[in-house]
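Chains as they are written, first to last, in my numbering: chain R, 153 to 488; chain Z, 153 to 488; chain F, 153 to 488; chain P, 153 to 488.
Where hints are given, some of them may not hold.
For identical chains, the list gives no copy identity; a pair is met inside one copy or between any two copies.
[Stated by the list, open to error] Here are the computed lysine to aspartate or glutamate pairs in the DMTMM-like style, where the Cα-Cα straight-line distance is at most 25 Å:
#, residue 1, residue 2
1, LYS396, ASP270
2, LYS414, ASP210
3, LYS189, ASP210
4, LYS267, ASP409
5, LYS262, GLU440
6, LYS265, GLU215
7, LYS289, ASP413
8, LYS421, ASP195
9, LYS349, ASP402
10, LYS371, GLU397
Note that these hints are calculated values from the structure, not bench results.
Number of protein chains: 4
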Amino acid sequence: MDIGIIGGSGYTGGELLRLLAQHPEATVRAVTSRSRKGHKVSDTHTHLRKIYDLNFEDLAPEEVASRCDIVFTAVPHGTAMQVVPALLDNGVKVIDLSADYRLRTDVFEKTYKMKHTDPRDAVYGIPELHPEVAEQKFIANPGCYPTGASLSAAPLADADLIERVVFDSKSGISGAGAEPTEVSHYPNMAENIQAYKLTSHRHRAEIVQELTRLDSSLKSISFTPHVIPSVRGILTTAHIFVRKELSEEDVSEIYRDFYQDKPFIRLIKGIPMLGSVRGSNFCDIGFEIDKNSDRIVVISAIDNLVKGASGQAIQNMNLMFGLPETTGLWTPALAP
Amino acid sequence: MDIGIIGGSGYTGGELLRLLAQHPEATVRAVTSRSRKGHKVSDTHTHLRKIYDLNFEDLAPEEVASRCDIVFTAVPHGTAMQVVPALLDNGVKVIDLSADYRLRTDVFEKTYKMKHTDPRDAVYGIPELHPEVAEQKFIANPGCYPTGASLSAAPLADADLIERVVFDSKSGISGAGAEPTEVSHYPNMAENIQAYKLTSHRHRAEIVQELTRLDSSLKSISFTPHVIPSVRGILTTAHIFVRKELSEEDVSEIYRDFYQDKPFIRLIKGIPMLGSVRGSNFCDIGFEIDKNSDRIVVISAIDNLVKGASGQAIQNMNLMFGLPETTGLWTPALAP
Amino acid sequence: MDIGIIGGSGYTGGELLRLLAQHPEATVRAVTSRSRKGHKVSDTHTHLRKIYDLNFEDLAPEEVASRCDIVFTAVPHGTAMQVVPALLDNGVKVIDLSADYRLRTDVFEKTYKMKHTDPRDAVYGIPELHPEVAEQKFIANPGCYPTGASLSAAPLADADLIERVVFDSKSGISGAGAEPTEVSHYPNMAENIQAYKLTSHRHRAEIVQELTRLDSSLKSISFTPHVIPSVRGILTTAHIFVRKELSEEDVSEIYRDFYQDKPFIRLIKGIPMLGSVRGSNFCDIGFEIDKNSDRIVVISAIDNLVKGASGQAIQNMNLMFGLPETTGLWTPALAP
Amino acid sequence: MDIGIIGGSGYTGGELLRLLAQHPEATVRAVTSRSRKGHKVSDTHTHLRKIYDLNFEDLAPEEVASRCDIVFTAVPHGTAMQVVPALLDNGVKVIDLSADYRLRTDVFEKTYKMKHTDPRDAVYGIPELHPEVAEQKFIANPGCYPTGASLSAAPLADADLIERVVFDSKSGISGAGAEPTEVSHYPNMAENIQAYKLTSHRHRAEIVQELTRLDSSLKSISFTPHVIPSVRGILTTAHIFVRKELSEEDVSEIYRDFYQDKPFIRLIKGIPMLGSVRGSNFCDIGFEIDKNSDRIVVISAIDNLVKGASGQAIQNMNLMFGLPETTGLWTPALAP
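In isolation and in its complexed conformation, chain R is listed as follows (with noise of 0.2 Å):
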């Protein structure tokens, strides 16, 4: 497969290509980045050196699209939609990493506060929540906090069983970017936690999506981000209120029914960390019952630029080529 990628300079960029440096049937033809044009891409991702000899461009997406069989748009959200018509009507198929196509056009207008000049369909690539992306010539790939929340909660949605949940999510500082800003600032994150946009924060409403596709009646849901430190991860802790009474193993049950068969699941006994998935594709599951209440603690741990980013785009993209779903991507995650 040949291989594009729109915007390569930042976290997602770089880790499309990490991942793609390991993945048998991939080769990169065309990487852009206006600011960086004629540079090398090691250049800017060092950890590359040697791994790839390749200059960044500045390109038309009709451009990538005649070097390519599929290009992923990794560029910020409003400006997505600006090149996604140009590659999808020269044939090639589409990954977008940015927010432009995740959800419903009121919804994204209403969210992003923005018109969208590119109302389109687009299926939201989780692919153990969607099988229908082997089909699609285009997918959404979801953001990183929704991608931990909903597959922390969709077995138990998808049973009906949720009365209220609230996601307290805490994720690692490189999901807000390449850029130094305030808070990434070493000073300021180190020894810190930092809680933001405690009750508006965008991707709540893509979490909403998918679970009321799941139960639409489910009417409470909550999503309170922080930053913790660490450079990679998101471990959200879901507090799930449930309609009756479950015992340990009815709940067991419900994820190992609804996961099985998904290879990037793992449903685990004890308690799941950063550090078991950081650099992997895998979502790390484990729960408790609050013996205090109506209450069931469900952990998620995935790795933010990988089954939050780049590697579940990978994925999508294997799925819609007819590869196995964990081709190149079955790469243990690095520990300690």
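Take the given structure of chain R and dock chains Z, F and P to it, following the hints.
Then chains Z, F and P, alone, in the frame of chain R:
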């Protein structure tokens, strides 16, 4: 005031020494440690070199009492109940930093799964919630999580406004003590976050005791702790579901009224963070109202070793001796 | 004493405020910042909430001088020389925390590649090496690296024993300031260590000046700095090649004699570390003699923002006003 | 190739497993651990869940040999010499990751203060310095510090240009192993840096052996290690004092010639850092010439668990079996 510390080799003991070194009315007369008897205090607490010229001693409670006006017991639960009676019988004031006297005896025995050998009433030493501290000879100093959690929710509980509350707490690893463990092993903790005792942490009993004291009708109190890669601090994210709609001004007023004249409570507009309280006795509190639901998110930030332990103990001591509660504690946090 | 701070929005300004809050004789009368004029000091330095009720002002030096007994200039190099003359002309004492007056004018101009507009002698304010601080009206406060390096080697230099010295220094990232940069971006700094300016850091000139003052025959002085994933602190590993064989007792005696009655120097048996000095004005020094060669390894540990900047400035202030040098500074480090 | 790992529960064992999972020609047939016998490998190495379905076994060396073509011994020094003879006698190839066979027997006994029970010659497995690895049945895999140090200085040693060299090394804490200790306790390591064994680290003997092999006249080799708050990586700052003046081009050419066709050596213009090699088998090398003296500063960066241990072991294995040395190892570092 002449001060004794029973169990001075751990983090709360070290922190008492650090803070007392800046207290204008306090002189430390005895620091006990069985295992380090005869060794310099500053060989264990190397940051106290030149500040203290004291040796650890292995002393009977009576001997400590004879030298002191007040004794802090910084020993494990189960051990405190073995020394507190002798201290009190010898006429010295006592602040116990263990869990032994924080709970009603029956709740203690159930929670800690051990017989209490010294059932005795003690005031629970969060001075902002217990003005009666000032008249006591004996104080049960609160746990770190309960301090952060109770202070975040007390005003709304006191107003009978809470229907359901989920405390999702994130603690620095110093809360687990000075002894190396699997969890505190740097390669396990760095770049990670570890949820634990998802539904069964013993500190929950203290939180329930404090909040139901304010509102006996409050039934649904959930608590899940995490350790994060930070040494100090507890950030508590309190997801509070309220009984009636409240405006931002309503909530602000409730907190302002409840905490007026409480010097260590800082109500802030933004979102509290550990970086603003590290090393200090302050508790920063902020909140946001969720427009999507009946939820208010309240965040509190404390230093677990100061306001969550040794600082609060000294605040209690000040009140017990008729001093301004800020004496020796009115020091800014260390930032960055 | 009435105190002014010119340039109060950065880390050294914030640290002056933190330390002065604990100083019994000091009252801060003015804190300037052009960019934050009119805003609360504690909006920038959130750890100082409730401690200071001051606003940043944009004041002429003359105005600051009129309110104060002493002014700290905590501005970038090149800027200090524009305000110091007016301050001194108005009869106020001045401690300059910039590099402007630390070096002989010709060395300054060569090192900083700029013209000096106010050539003027100043005492270099490491009080342990410059007892004449006490008689000054104007002090050039030293750089952070030179403080740690000079203190580690001064006794051996003073004894004319050094043939060659390599300072390999490791600094916390706060030394790079409060502005976010590529290097200080959390994902770039965490789990990393970054050597920089391997042979050309400007602080080398200060080290050379101080050590050759003690031993004019000392020729080979090398310095290479690194930033480590810590916020505060400088650990200096001084690889000192000596002119004659020395026993452990010889070296101990040289250091003890040189630093007797210096309260902030702690000569220790073991190996100094940042954790023992964080937030304090102490400089811990230890050493080991290399049996394989003519090398002695001396390690010093300081807090770069305290002994390496604002704490040392206050120590200088104390001496200039006839106070004990420890006034307001005799506080233990924060550990753990 | 059928692979055995003796001592699979530690970090080097886990890292062998992680890397071998990506090796196209390798199948792990046995992993031993006395203490974890019968337990799943992925209960200890939780990042390997679903990747390996193996249990730890407690096997005699002969039994391991009977199943395998090659065996890695990842046991403490002193233990390896008890199992290596039986392995070799049973005709299997062996790579020993302990220190037992790295040094000449007399040097080993002096350095490790123990009798060697199996004196035997072994090739020291830095393949870039020892092309004869390819013909061996038995390799002594080098220490982590000596790998980084030797690679940084070998070209200049080989050219007989070094007068004196000081290696100031900074290691991630994973080098100290998987067992919790005082030093690895998170509150002790975070925000700190710890120099240790300032003049007497045992790895110095390996560095001396390698460099004097290249230049027998080289006398002054100093080594001081530090641990930094990072999990992985060794940054070596080599302060090299040279025998004659060299231009930047001279040095570049010496390194380019020496390391031509060595795939894992990356000579770079800038300054190497851990972030570019984490999880990979690369060794990045850069340098700067000190205009103030006869010093050249060479910096090398490796991952201590990969190029410094298990990755280099697999590189050796590849060569011993006639495979390209990059087989299964040509994976990019994990960044950010």
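Hint by hint, here is what the structure shows:
Neither within a single protomer nor between protomers do LYS396 and ASP270 lie at most 25 Å apart by alpha-carbon distance, with minima of 43 Å and 42 Å respectively. For the identical chains of this complex, LYS414 and ASP210 are neighbours neither inside a copy (38 Å) nor across copies (33 Å), given an alpha-carbon limit of 25 Å. In this homomeric assembly, LYS189 and ASP210 come within 25 Å of each other (Cα to Cα) only inside a single copy, at 6 Å, whereas the closest approach across copies is 43 Å. Taking the shortest alpha-carbon separations for LYS267 and ASP409, neither the intra-copy value of 41 Å nor the inter-copy value of 44 Å comes in at or below 25 Å.
In this homomeric assembly, LYS262 and GLU440 come within 25 Å of each other (Cα to Cα) only across copies, at 21 Å, whereas the closest approach inside a single copy is 36 Å. In this assembly of identical chains, LYS265 and GLU215 lie within 25 Å of each other by CA distance neither inside one copy nor across copies; the values are 31 Å within and 48 Å between. Taking the shortest Cα distances, LYS289 and ASP413 sit within 25 Å of each other inside one copy (24 Å), while across copies they are farther apart (43 Å). For the identical chains of this complex, LYS421 and ASP195 are inter-copy neighbours only, at 10 Å across copies versus 43 Å inside a copy, given an alpha-carbon limit of 25 Å.
With identical chains, the CA atoms of LYS349 and ASP402 are at most 25 Å apart between copies only, with a shortest distance of 21 Å across copies and 35 Å within one. With identical chains, the CA atoms of LYS371 and GLU397 are at most 25 Å apart both within one copy (19 Å) and between copies (17 Å).
In terms of the numbered hints stated before, the structure departs from hints 1, 2, 4, 6, listed from lowest to highest.
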